[in-house]
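Use these hints to put chain S onto chain B, whose structure you have.
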Amino acid sequence: MNKNSRWILAAGALLLVGTFLFPLWSITVEAPQYPEGLGIYIHINTVDGHAKNDLKNLNIVNHYIGMQEIVPESIPELKYMPPIVVFLIVSGLLVAWKGGKKTLYAWLAFFSLVAVIGLIDFYLWNYDFGHNLDTEHAAIQIEGMTYQPPLFGTKTMLNFVTTSLPALGGIFAFLSIFMGFLSAFLSWRGKQPV
Amino acid sequence: MNKTMMRVVGVILVIATFLLISECAKKDKPILGSSDAASAVYVAPGDYDEFYSFMSGGFSGQVSVYGLPSGRLFKQIPVFSVFPENGYGFTEETKSMLQTTFGQIPWDDAHHPELSQTDGVPDGRWLFINANNTPRVARIDLKTFETAEIIEIPNSGGNHGSPFITQNTEYVVASTRFSVPIPQRDVSIDTYKENFNGTLTFIKVNPDDGAMNIKFQILVPGYDYDLAHAGKGPSHGWAFFTCYNTEQANTLLEVNASKNDKDFIAAVNWKLAEKYLAEGKGKTSPGEHYNNRMDHSTHSSVSKLTKTVLVLDPADCPGLIYYMPTPKSPHGVDIDPSGEYIVGGGKLAAVVSVHSFSKMLKAIEEKKFIGDAGGIPVLDYDATIAGEVTNVGLGPLHTEFDGNGYAYTSAFITSEVVKWKLGTWEIVDRIPSYYSIGHLMIPGGDSRKPWGKYLVALNKMTKDRYLSTGPELAHAAQLIDISGEKMKLLLDFPTIGEPHYAQGIPADLIHPNTTKIYELEHNMHPYRTLSEKEARVERKGNEVHVYMTTIRTHFKPDNIEGVQVGDVVYFHVTNLEQDWDIPHGFAMQGAINSELLVMPGATNTLRWEPQRVGVFPFYCTDFCSALHQEMQGYVRVSPKGSKVPISF
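Protein sequences, first through last, are from chains B and S. Counting in numbering that gives the first Met the number 0, the first sequence runs from 0 upward without gaps. Counting in numbering that gives the first Met the number 0, the second sequence runs from 0 upward without gaps.
Looking at chain B on its own, in the form it has when it is part of the complex:
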């Protein structure tokens, strides 16, 4: 690894600290009854509302259509994620310090795996929330209707317009992985004859 790629990797690893400071993802719903919108943030270790009572109110609204309650404590991924990301930061810094190319590629491969699995997992949770409805207790049941929020973008479901987008922490994570690849590219090009 050359000097530039080492610095870029170190910066990329440090950017991951942002995932602890800011939410990864944001889901906002708007409805005629909620002109001000309700929203939740998915953090690395919890889920909470944009405003203090948004999660509670979203759960109340969701219960009419039989969606499960979102209880952050019952989502195991939120417990695994912090140590994994801490490992990524520390190991990323170590790789940048030592400067080994192979370890860099291994680090990047692991990071990519975490990112892809994370997104798939997020999709599956969304799928489960949207499809696994309590038909016993749901007051409003509409034939063929499911309520899976989009992974990315906007979708209208009944009276709610749902928008799902990465939040600041998520953007930091994307930037981090991008810098990882940039570092790898620079160090790979570094050994090519100029």
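Incorrect hints may have been included.
[To be verified] Here are the simulated DSS-like cross-link-like pairs (lysine-lysine), alpha carbons at most 30 Å apart as the crow flies:
1. 448(S) with 420(S)
2. 142(S) with 55(B)
3. 55(B) with 420(S)
4. 515(S) with 51(B)
5. 306(S) with 270(S)
6. 459(S) with 51(B)
7. 74(S) with 420(S)
8. 55(B) with 74(S)
9. 280(S) with 361(S)
[Unchecked claim] Some but not every residue of chain S turned toward chain B, in silico, with C-beta under 7 Å:
10. 427
11. 551
12. 577
13. 578
Simulated from the structure, these hints should not be mistaken for lab results. Bear in mind the structure is a predicted one, so any value in this text is a computation, not a measurement. All C-beta atoms in this analysis are idealised placements derived from N, C-alpha and C, irrespective of residue type, glycine included.
Chain S alone, transformed into the frame defined by chain B:
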């Protein structure tokens, strides 16, 4: 046709044309005028009004909240009258708000709202209002638009000259319209002159939480003390009270109290009163009164009885109070934004008398007295007067200011608003009111910084202004544009009760600070139920306490058994919602009091005494969600002594 004939025909045609044009113009004018006015008061759907206006309800006992310039009604705030619509005065938490030394009184006559001020400018924290009939002053919290406190005024009859405030809300004043024997005792009404007195009460307001306490009362001669305003700027430290019936008549006042050429404006140096109090001049005197205060955390009113008040006698306190003669039974006394001019509306006169504060101080210094009244020095009229506004219309009552050097006086008898210039006292414009205006209001118009854009005329008679509703009509308010040289009538709108005075304030001093929900975790009500798990029913002798919760869209518990005829059931309903605009109602069949309307995070209690055996439903009255109509439950009532156990 000869020439003469032609001329005659020509003249006739000209006259006919003129008549035709003038007839058309008559029809066109209001249409042109009103389309202009319509755009001036139009607030598009979803947009906000520029001002809040708080109007007293008069005999409704409440305060109603309007938007200006639209004239739209937003809310009725229950203050002195019970309000079964939300349970005010009926729930266990609010019953004692209406506690007085005469017992719980379900009604009063509320006249003058007054916004709290900082540096003489309305600050949007609290609104004070008087109860005229059973003398009281209430404080409304403008974060929640709920009545937060009511204090009773002892040694008073007809608390009319109230609750005008000093420039930093140090004091709220209250003066007796009806002088009475003080202390109350059994005397002949004919002994009015010997036995009757008035009081001027100064209520101290805690600057942090607004809590009110009577600091002192001043014992004054037995006249009718009518209205008041506190000084500001240079006159800060003084308060002014009009009085009539200086004749001290006790029968047929219509005639007998209208004899004197001049009555008085009393000028009270309250800063000096504080000094006399510190010197121990205040006499602890009988003065039982209740103070009922809403506790924020328990959502419950706490009543406190105080037995005495401190009374200052002007005879022991030289310089405390002076009388300024003012023509013909003065009604309103209004201080201009600079604090220099004291404007008295002689309600039977055709002039408005303007006293000068600086001339008053000089006259006191030079001892320009023409005698005394009941021991109180009477100043020479010519020594205090700054000017007279003549031709102001008959029956001038009240004056407000626009902050641009103009004053606006309401004239009841000639039914008009008259605009005049401070300093030159010349009339510059006048506009009719429909009909017989009482008070008028400019947002901040009695403060140091009026927002002089609109004026609201509060009229006493309505007659033909709206579609008829039979003998009893809504009182009419009129919105007048005062931003230009000429006043312009913009809008008529009906009101609730009889608004006497009103106050106005820019919306952004209140709107952003309002409370949306009560935080459940701060609910300290002794009978709160903070989760559905804690919902339960408990029997204590013949009392049954139902710890009930509401959330979209069910009650917990919803079916209750084991209640008996002769029990006293308390439904302690906690609304678990933490979402804006999701109150739940609770109505019980056969309850002889009211319903509950429970705000998110609050606990309210309804008392119910089941009279008959049977199964009786209860339900939610506030359309809360798509399943609102399913939000219900039953109470099974068994005969007294039944073996049916409590279950839920």
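In ascending order, which of the hints set out earlier in this document are inconsistent with the structure? 3, 6, 7 and 10
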